[in-house]
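Residue numbers (the numbering used here), protein chains in the order written: chain U, 1 to 317; chain G, 318 to 825; chain F, 826 to 990.
Each statement offered as a hint is correct.
Computed footprint of chain U on chain G; a stretch qualifies when at least three of its residues, placed anywhere within it, have a C-beta under 8 Å from a C-beta of chain U:
1. 495 to 502
2. 637 to 644
3. 723 to 733
Far from chain F, some chain U residues (derived; all Cβ distances over 10 Å):
4. Ala-52
5. Ile-99
6. Asp-133
7. Asn-140
8. Gln-211
9. Arg-215
10. Glu-226
11. Thr-273
12. Arg-283
13. Phe-298
14. Glu-305
Computed spacing ranges between beta-carbons, pair by pair:
15. U:Asn-181 <-> G:Ile-449: 24 to 30 Å
16. F:Ser-966 <-> G:Leu-786: 53 to 59 Å
17. G:Ala-784 <-> U:Glu-274: 53 to 59 Å
18. G:Ser-562 <-> F:Ala-919: 45 to 51 Å
19. U:Tyr-271 <-> G:Met-336: 33 to 39 Å
20. U:Gln-259 <-> F:Leu-981: 25 to 31 Å
21. U:Asn-181 <-> G:Gly-662: 24 to 30 Å
22. U:Asp-210 <-> F:Leu-885: 56 to 62 Å
23. U:Arg-283 <-> G:Ile-449: 29 to 35 Å
24. F:Val-873 <-> G:Asn-673: 50 to 56 Å
25. G:Pro-607 <-> F:Phe-963: 46 to 52 Å
26. U:Asn-181 <-> G:Ile-366: 27 to 33 Å
27. G:Thr-324 <-> U:Ala-297: 50 to 56 Å
Note that these hints are calculated values from the structure, not bench results. Please read all numbers here as calculations on a predicted model, not as lab measurements. Glycine included, every Cβ here is placed at the ideal spot set by N, Cα and C.
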Amino acid sequence: MKCRIPALLLVLVLAGPGFAAERIHFLIPGGAGGGWDATARGVGEALARAGAIDASSYENLSGGGGARALSHLIETADRQQNTLMISSSPIILRSLRKIYPQSYHDIVPVASVVVDYGALVVRVDSLYLKWQDVVDDFSNNPRGVNVAGGSSRASTDHIVAALAFQKSGLDARQLKYIPYNAGAHAMVGLLSGETQILSTGLSEAIALADQGEVRILATTAPERLERVPDIPTLTEQGVPAVFSNWRGFFAAPGTTDTQRLQFERILAGMYETEEWQSVRESRGWTDFFVAGDDFVAFLNQQEQEMSALLQELGFLN
Amino acid sequence: MIDGIITGLYTAFSPINLMMVLLGCFAGTFIGMLPGLGPVSAIALMIPITYGLDPASGLILIAGVYYGAVFGGSTSAILINAPGVSGAVATAFDGYPLAQSGRAGKALAIAAYSSFAGGTIGAVLLLVFVPILAKVSLSFQSADYFALMLFGCTAIAAFSGKGQVLKAILMTLLGLMLATVGEDPSGIQRFTFGNADLYDGISFLLLSMATFALAEALIVILKNAGGSAPASNLHSSSLGSLSVSREERNDIAPAVARSSILGFFVGILPGAGATIASFLAYGMERNLAPDDKQDEFGRGSYRGLAAPETANNAASTGSFVPLLTLGIPGSATTAVMLGALLSYGVQPGPRLYIDNPAVFWSVIISMYVGNIVLLVLNLPLIPYISKLLRVPRQLLTPIILFFSLMGVYLVSFNTVDLTMMVVIGVIAVVFRVLDYPLAPLLLGFILGGMLEDNLRRALLIWDGSFAFLWQRPITLTIMIITLLTLMVPMVSTLRGGRRFRHPDTMSE
Amino acid sequence: MMYLLNNKDRVGSLLILVFAIVYLKYALGLPLDPTAGDDSFNARTLPVGLSIAAIAFALLELIVSTRRAGDGRINAAVQGFSWLPTLLLVLSMAVYAFVFDSLGFILASYLFLHSGFLILGERRLLLSATVALALVMFLWSMLTQAFGIYLDSGDLFRFLAGLSN
Numbered sequence: 001m002k003c004r005i006p007a008l009l010l011v012l013v014l015a016g017p018g019f020a021a022e023r024i025h026f027l028i029p030g031g032a033g034g035g036w037d038a039t040a041r042g043v044g045e046a047l048a049r050a051g052a053i054d055a056s057s058y059e060n061l062s063g064g065g066g067a068r069a070l071s072h073l074i075e076t077a078d079r080q081q082n083t084l085m086i087s088s089s090p091i092i093l094r095s096l097r098k099i100y101p102q103s104y105h106d107i108v109p110v111a112s113v114v115v116d117y118g119a120l121v122v123r124v125d126s127l128y129l130k131w132q133d134v135v136d137d138f139s140n141n142p143r144g145v146n147v148a149g150g151s152s153r154a155s156t157d158h159i160v161a162a163l164a165f166q167k168s169g170l171d172a173r174q175l176k177y178i179p180y181n182a183g184a185h186a187m188v189g190l191l192s193g194e195t196q197i198l199s200t201g202l203s204e205a206i207a208l209a210d211q212g213e214v215r216i217l218a219t220t221a222p223e224r225l226e227r228v229p230d231i232p233t234l235t236e237q238g239v240p241a242v243f244s245n246w247r248g249f250f251a252a253p254g255t256t257d258t259q260r261l262q263f264e265r266i267l268a269g270m271y272e273t274e275e276w277q278s279v280r281e282s283r284g285w286t287d288f289f290v291a292g293d294d295f296v297a298f299l300n301q302q303e304q305e306m307s308a309l310l311q312e313l314g315f316l317n
Numbered sequence: 318m319i320d321g322i323i324t325g326l327y328t329a330f331s332p333i334n335l336m337m338v339l340l341g342c343f344a345g346t347f348i349g350m351l352p353g354l355g356p357v358s359a360i361a362l363m364i365p366i367t368y369g370l371d372p373a374s375g376l377i378l379i380a381g382v383y384y385g386a387v388f389g390g391s392t393s394a395i396l397i398n399a400p401g402v403s404g405a406v407a408t409a410f411d412g413y414p415l416a417q418s419g420r421a422g423k424a425l426a427i428a429a430y431s432s433f434a435g436g437t438i439g440a441v442l443l444l445v446f447v448p449i450l451a452k453v454s455l456s457f458q459s460a461d462y463f464a465l466m467l468f469g470c471t472a473i474a475a476f477s478g479k480g481q482v483l484k485a486i487l488m489t490l491l492g493l494m495l496a497t498v499g500e501d502p503s504g505i506q507r508f509t510f511g512n513a514d515l516y517d518g519i520s521f522l523l524l525s526m527a528t529f530a531l532a533e534a535l536i537v538i539l540k541n542a543g544g545s546a547p548a549s550n551l552h553s554s555s556l557g558s559l560s561v562s563r564e565e566r567n568d569i570a571p572a573v574a575r576s577s578i579l580g581f582f583v584g585i586l587p588g589a590g591a592t593i594a595s596f597l598a599y600g601m602e603r604n605l606a607p608d609d610k611q612d613e614f615g616r617g618s619y620r621g622l623a624a625p626e627t628a629n630n631a632a633s634t635g636s637f638v639p640l641l642t643l644g645i646p647g648s649a650t651t652a653v654m655l656g657a658l659l660s661y662g663v664q665p666g667p668r669l670y671i672d673n674p675a676v677f678w679s680v681i682i683s684m685y686v687g688n689i690v691l692l693v694l695n696l697p698l699i700p701y702i703s704k705l706l707r708v709p710r711q712l713l714t715p716i717i718l719f720f721s722l723m724g725v726y727l728v729s730f731n732t733v734d735l736t737m738m739v740v741i742g743v744i745a746v747v748f749r750v751l752d753y754p755l756a757p758l759l760l761g762f763i764l765g766g767m768l769e770d771n772l773r774r775a776l777l778i779w780d781g782s783f784a785f786l787w788q789r790p791i792t793l794t795i796m797i798i799t800l801l802t803l804m805v806p807m808v809s810t811l812r813g814g815r816r817f818r819h820p821d822t823m824s825e
Numbered sequence: 826m827m828y829l830l831n832n833k834d835r836v837g838s839l840l841i842l843v844f845a846i847v848y849l850k851y852a853l854g855l856p857l858d859p860t861a862g863d864d865s866f867n868a869r870t871l872p873v874g875l876s877i878a879a880i881a882f883a884l885l886e887l888i889v890s891t892r893r894a895g896d897g898r899i900n901a902a903v904q905g906f907s908w909l910p911t912l913l914l915v916l917s918m919a920v921y922a923f924v925f926d927s928l929g930f931i932l933a934s935y936l937f938l939h940s941g942f943l944i945l946g947e948r949r950l951l952l953s954a955t956v957a958l959a960l961v962m963f964l965w966s967m968l969t970q971a972f973g974i975y976l977d978s979g980d981l982f983r984f985l986a987g988l989s990n
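Could you build the full structure based on these sequences and the hints that come with them?
Below you can see the structure in the form of structure tokens.
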């Protein structure tokens, strides 16, 4: 999808002039210092410093694992014309599990900006050298493979691991998932030896893999990434498990097409700026610009896949 | 290594960087005094501001903000019984009673000296042991953390004197029960009644502001007919005095030494951290104190103030071990610190120490410089800060209430939390009137979540068997220490069993 | 009955007892993860254990406390309490929470502080107004201008100014 950006940019730039980008109000469903917060502020700072917008403000509205911000955006839609809410894959999972009373269908998807892929990680001294080793071990003794993750059951890390096991032809219900309350603690769980595999975000794992602390067995990316060409995907190991944890922006319901296109244009222009490139470098993010109808189609597809998986795991009836 | 240390020192003491650290300490102290804005938000708010600076200056500014915010948190805990971060809860246990008895300046000074000592001893330990510490960080598993949290609960013994044992246990259980509200590790909503405001559970700040700051402010009004004068003993001229006598220093020093070592090693463990360290140090010092000093704990003991303050800061220094040597942030504070480091292009991890010792040491030294500057900057300010208590009661109380409410609002931006806080505050006042201690409630609440998480993980990993209790040496050791700690006060309670028939007059 | 309840320890343990029973009732109704299968420790285990322990200890305290006399009396403890200002303060906090979203931070906080000063007997109106206004404005400007924290301006302000966000 990345290759489409230049063409898209060209179109947007040609159609561009004449739009005065006033200000953007970023609605962040989590507290200061979290992942959503960092992305929204990173995007906002880059846009402001590049002069694409005049001003930006950030509203941290945590609560209900993101449900409060979503309801807020819907309830106060008539005064949120300048608002972009940041969200990510969990919005789909949590809506499916009815933790959120609403879903992305109730708001206006604008564009996804960055992506992280799932990573399956082992200690450097692990006997697992490739994904197949895990599959073999699990087939012999499912209770002997402890999989750590930084979120509760049926959340992203669990889902990524379950997807990998399911697509390897195993019974994902038998997966022994050990939940920690943060990715960092799950990493400690792996390194301390109490779990054998860690399911986490690739960007979190790369830093430690670079330092020789852990080995990444496989990612859920569709193909190998430019930044880490040595890390194999599950797909190429014969397991068609692809999962993209996107982070993107949504506008309030009732947002006009003109306004939505303007948001889209502003965001599309961001990738060219030096400011963005330095933010992205330091944070280890991967660009992932999918906007408009493509974004909606992408969301629908992910929702379908997640729904099927949750159903098979028994989290949905 | 020496080269790295010298380069680090050289960078840290350049005029511009000293300016930065001064600025940071000042801003940090102010931010930290507002209950809702602890070290985490202080650093998160500073990152965009420091963006244009060169990495060394930026880091040093952040270090100043960090130590300033930690000290600011202790200040509000001591002066108005408002511990805005969980690491400052144990500081309020004895710091607030000290301030109330007209020794606010002294309490703040002891807090500043202890934090400094904790930070310094922590930094020395870091310097000497850094190559082997990473292994220590990874030696604890969930079963061991479970035992450690259980051990942390023994700190409630400090509130169980004089026929209060059952009440302290009941309040701890109440705290543990409140901690179960929200989503559990298996993804199930507990006690949320379908209300999205409860999904994330009750926030620590809400509970601590309601049961400590708000309840205390209301009790004062309830008991003192709201006269226009401040509480009488606050007139004493020693309110702002910093002087600590030689005798007192000798009394505190061993506690500081023990607590900094304990704090540092607990801080190294990514799953424990500064809060646990402060509780453990508090409990340890009370158990070690001679009988006559033991009763002072919770009513204004110098040791009881120095121990958690020291441990808290030594643990904060210790928490840089997993961050810098493994690249793993063990706490919310080190997580946001990692974000700051990354934005300056510093990737912590084992390679940082080997490939780039200059950066490694300049991070540590800039943290340490923050510690020094804070002491130098704050000691002269303490007399002025403590005069806050001279503000007439009819003005001070509404201001305290306002700051507690604002603090809670700034965490969630949710007015439902404010309503919940008022309700819990009123319930807390009822328990205060009934002489039920509230500190065990908060302690149980803080430890409850970690206790359950670790126990459930341990049981999952051990396939439902409790064998880890005797098969893991670390778990077994901590469990034995816990049992011993529990036995000692129980034996003395049994010896003093007659107290049930002749209860002491209400001591608080 | 009233005589029996006139004891601080007993009333406290009774309150916890009632809470623990209600909590236990809900704990027993907690949903279980259908996929967790044979996990011995589930979402109910700890809550049920805690509430049973709390019930046991509360009953114990109820029994033990009957042996104590004298100082535990509630009416003695609350003698001389100034109820009115305390109740008014609690009320003003509740009102503050209630009107915060509509009046916005500045106005709601100002009113709360000023009424707090009044309730506690501060009669110098000018002083109260100055202190309250200065504090609120200082905090507001620090939070919004220096730290860039977004504070909602409130429905009233929006209505008057006809602004969005």
